[in-house]
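*Asks:* Chains as they are written, first to last, in the numbering used here: chain C, 1 to 654; chain H, 1 to 458; chain S, 1 to 183.
Keep in mind that the hints were calculated from the coordinates and are not lab data. No residue lacks a Cβ here, since even glycine has one placed at the ideal position from N, Cα and C. A couple of the hints might just be wrong.
[What the hints assert, rightly or not] Covered, in the sense of this in silico footprint (three residues per stretch, anywhere, with C-beta under 8 Å from a C-beta of chain H), are these stretches of chain C:
| # | stretch |
| --- | --- |
| 1 | 129-135 |
| 2 | 241-250 |
| 3 | 351-357 |
| 4 | 376-383 |
| 5 | 432-441 |
| 6 | 454-461 |
| 7 | 509-522 |
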Amino acid sequence: MSNVALGSAAVAAGLGAALMGLVVTGLGLTGHLRSWGRYARQLTFGMAAAAVVAVVVMERALITRDFTVKFVADNGSSTTPPVFNVATLWSALEGSILLWALVLCGYAVAVALKFRARGDDPMLAWATLVMFAVSAFFFALMVGPADPFISVDVPAGYDGPGPNPLLQNHILMAFHPPILYLGYVGFTVPFAFAVAALATGRLGEGWLAATRRWTVAAWGFLTFGIVLGAWWSYETLGWGGYWAWDPVENASFLPWLTGTAYLHSVMVQERRGMLRVWNLSLVIATFSLTILGTFLTRSGVLASVHSFTESGIGPAILVFFAVIVAVSLALIAWRGDQLRTPGRIAAPMSREGAFLANNALFAAFAFVVLLGTVFPLLVEAFDGRTISVGNPYFDRMTRPVGFALLLLMAVAPMLPWGSESGRPPTGLLARRLVVPMWIAAGALVFSVVAGARGWAPLLAFGLGGFAGGAALRQILLAVRRHRWRGLVGRTNGGMIVHLGVVLVAVAFAASQSYVRQAEFDLEAGQPAAFAGHEIVYVGSAVVAHENRTERVAFVRVDDAKTYGPAIATYPFASQTIGIPSVRSTLRDDVALSVLQFPEEAGADRVILRVTVQPLVVWLWLGGIVMALGTALSLLPSRPGRRQPVEAAASEAPA
Amino acid sequence: MSWRTASWIAAVVIAAGAFVYGALDEGPPRTNADRVRALAEDFACPVCAGQSVAESDVPVAREIRRQVAVWVDEGRSDAYIRDQLVAAYDVDIDYNPSGSGITSLVWILPVLAGGGIAAVVVGMLRSDRRPAHDTPQPPTAVRRRRWRNAAVWTVAVVVVAGAAGLLVARSSGSRSTEGSITGEIRVTTRELIFEAQRRLGEGDMEGAIAAYDEALELQPSNAEALTYRGWLTSRRGDLDTAVEYLDDAIAVDPAYPDARLFRAIVALDQGDGSGAASELAVFDSLDPPPYAEELLAQLQVRERVAAARDETALQAVSGLGPAEDRPAFAETALTVAEALAAAEALATRGELLEAVQLVDWVLASQPGEPEALAGRGWLLVRSGDAQLAELGVGYLDEALAADPANAGALVYRALARWQQGDAAAARADLDAFDALQHQPPDLVRLIEAQGLRAAISG
Amino acid sequence: MNSGGRRRRSLWIALPVAAAAALLVVVLATRDSAFERKASSPILGGLAPAVVGTTVAGEPFDLDDWRGRWVVVNFFQSTCVPCIMEHPELVDFDERHSAAGDARIVSVVFDDSVENVREFFAAHGGDWPVVATGARQAAVAYGVTGVPESYLVAPSGVVVWKQLGGVTADGIDDVIDQLSAPS
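Chain C extracted, bound-state conformation (with noise of 0.2 Å):
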């Protein structure tokens, strides 16, 4: 059987698995199906094999080069190394839309056996449904506009232009999307139970239990992914940039920037029952700008690198956002008298005054990158003039929030939960935050002395220094009552993502603010001096590989090692494709990309632009420890005490 048969039977096969979900699970919500649960089931195992045949099927023909299966006549090619060859699959639309329906399947997989155990529960039922749903419509995609199994003739000897040369010359693009998409879909569990507690009018605590970790880890993923997009983006680029508000990185960090406000305002409502009707609309804005993200993304209406090629899929995209939007408010809408907050926030100075700060800062954060992602298309619709939206107004309008949200970070941990008296803890504040406050001085005099100057950064260091301070003692003090079991838990975790946020926080705020750049023209053997370090144009030499020529500069840093910053020619590329290479240590990095070897007779020259940036390090540190401890959190805190599951579905339907 060839791949495009096999490939487009198991995509049809998903999708009627989908549809037929749909209906067992109707039929069960409806009364007319006892055992729909072992049915949907079944069909949620056959739809994932379906998936799981149709990714190994594309990864076949990928790696064995089958040209008459379109998407790798367009995509693949016989020099593409192994891990790119396998790693195309998503670098281009249909492959990336069959990798999340695969994701959208391991996640329903997922869902349906750890929940078996609820047997016919209505609420799991709708949360199936809406679950086949979402699967029915990418499987559908992958159907109608976005079939990654077409099949066309190519003459012998044929070979393809291989996936686009940025794809496929570092090796973090094979891991960035996969697990920026375990992040994206993760989401999508979540936002089920969220439709199904309205549907079922069960508006208690219930779902939120049974979602937590399902919200915990898409997020953990979804941060590691946006990281790895970032340092992707710095290897790669060359410019010593790894964040640029662009509008498809803007997409990834809207969900990025709700799902973290209800990470928050979730324990609100745990503790004190309140805030349901926000954290409903916070898990419902979560997925639907996943949805809006991959709309941006393969619709081609905002201009953006990583944009895929325009394709027909924009408009179903775009039909299916506004679906869930109109459905999640209609539900809203309705269920609007069950929504009563029973609790009250009785003091401002509270954990529950703080989490409503925190909130109302993540809001207008995500307010602020909507808005200056979709303003050109806005000012376009009603003034037909284009216009741009970029860094001068994203980093003067998310500055302020960012501070604030450091200064929360350091005073919402030592603050207790909000007592009847609504007394401000004064005292207790003085007592908790001495040390932080400490940390936050010597952070200043440390950056002073270091050389650092500027009141924008060095407030970020002070605010960073505090919240550092902050986390670290709630670890400490956990770690001393409870030894190992001190780092894991939700809340010692979130302490330890907490640091990895401030380290992030403040290699963001170093390097942007004491970047240094410059152009060079050396010829070979000229040495020049830059930013405190000096660097030697030794030579330059052509490097052939099987899928592209390298002319690559070599160029000693500091007397030491030589690196090799290149111009790559792909075949069928237009143009040319630089190769930076960066030489990083804790304290800075020093990036050199090769922007031009100018032709002249006699002469080895080179046009080199050399950045050094201090604490770009501490920028995939801080992701990585804010992976490390979204992993801590999601270990139970104490020995036995598991997630009560039971409890939650044994509460009592409204």
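Given chain C, put chains H and S in place with the hints provided.
*Replies:* Coordinates of chains H and S only, in the frame set by chain C:
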């Protein structure tokens, strides 16, 4: 004072001290390269998808970066650089949305939203601080008061946040005035001259003169402004002032055709035919642009110059009296050229016989003078009579025998031969003319006017 | 508090959100692809930006000296294939107008070396000024986005036409005829 209070005070003082020191001290100055990078990040690469000029490696981004570096090295302001790029690439190159017009909303809305969110949070905390009373239905008066309070607060928040948003928009989206290419940059002479031309095109002569005056204030030695200022002055009838301007222009740029043309016209208006003729000769040698030729034809400058020349020439011979009573040519103060010019003028008036007599009179004194022979020949050739023309060719032959390089004779004979149908002979003469070192422009124009080249080559 | 009031309140919150979302969807749905959107050049209709510099032959050049003629300002690079392909058309155009002198060409080097340009003109013909020094300033002032790119400057000094990619002699002549026809 407890130890903790002391510790707090110490920590805060140290932190504040370090912060203030570091925030006030400017540190090492930013280099030009740093400024170039910062600027490059604020502009979109015109052909890239979502990348800034700093990020992209495409040639355009590289060229823009280098041009920005040049501007920075020249000491230009950020606003200047922004204006230059926006003038060339349109506003969407600017990543910093303008703080005025519809785009200012991008600055105002977040501040409004922030104010709204803050108001909601504060409202929640305030309402929660009130004791939770269990009365399900508050009295109508209380509800009404609550509504009024809410309305007042909403308006207050919108006004305050809106004003703050406007301030943010003003300070952040700052860019020099929109709608003008140059903005705050000083208007250049080029633009003023362009403006003047535009006004002239619209028939606004006074406006054009004002613009030229402004241009001359900026750059007193601008040949174009001087020329057109002079020309417009002459159109207003002030010929003497016009001459001053035009002579200045010619002094600045002797090779500016427009100045020469206008000078010639003004000379004609002043009745200075020979001055006009000499300016016109210079104009012809300068490779003038097409519109100047058009103007020339439109105002019949050549005709007027020729008429003035004829007038002068006739005046020179007018005192001689009738042909029979004339003294010998050699005894008069006339030159051969003057006599020939007078003959030409007579011929132009249709007095061919008089003209021929005048030339014969010259030849009587100076037999064999090539110019005179050629002139006599040309008069006969032009008579239109075949026999006379044949006679004329004989004179031309004679002239060429005396001076084989006589340009006039060559051209006249070529024209005569062609009229007689002997294209080969005409071509031979024309080739000989082309081989001469110097081709007088009036003869070149004569060839062109008669269509000689096209006729004998086809 | 009665449930009716609550329901109304949730409706009050949901409605504006729905309106905003609907607006967003409508705007997104009606946008053309960013790949197709191409703004027209802002310099069209305005005074031609200066082209001042030194030619590859070492002579000074100033576009203003050519006021009164049609001028094709052509940005090119010796290694770009479309530039090589359009070059014979430019040569043809130059020959058509060299006698009358009513239209001229000036080429401006874009990101290239002087030697390459000299070789290019030696190989492909063409005898008109090629600005080398000052070329970058001109390119950025015209808003050049790639090569080849040509602009037509009217005798009045106004930029009247812009062509991304290669030009043809007939194409430019058509534009000139169209614009010089009495309206």
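*Asks:* Hints first: check each against the structure and report whether it holds.
*Replies:* Here is what the structure says about each hint:
1. Note: the stretch 129-135 of chain C has 0 residues with beta-carbon separation from chain H under 8 Å; the three-residue rule is not met and the coverage is violated.
2. Note: the stretch 241-250 of chain C has 5 residues with beta-carbon separation from chain H under 8 Å; the three-residue rule is met and the coverage holds.
3. With 3 residues having a Cβ less than 8 Å from any Cβ of chain H, the stretch 351-357 of chain C passes the three-residue criterion, so the hint holds.
4. Interface restraint, the stretch 376-383 of chain C with chain H: holds (4 residues with C-beta to C-beta distance below 8 Å; minimum three).
5. Interface restraint, the stretch 432-441 of chain C with chain H: holds (5 residues with C-beta to C-beta distance below 8 Å; minimum three).
6. With 4 residues bearing a CB less than 8 Å from a CB of chain H, the stretch 454-461 of chain C meets the requirement of three and the coverage assertion stands.
7. Residues of the stretch 509-522 of chain C with a Cβ under 8 Å from some Cβ of chain H number 5, which satisfies the need for three, so the listed coverage holds.
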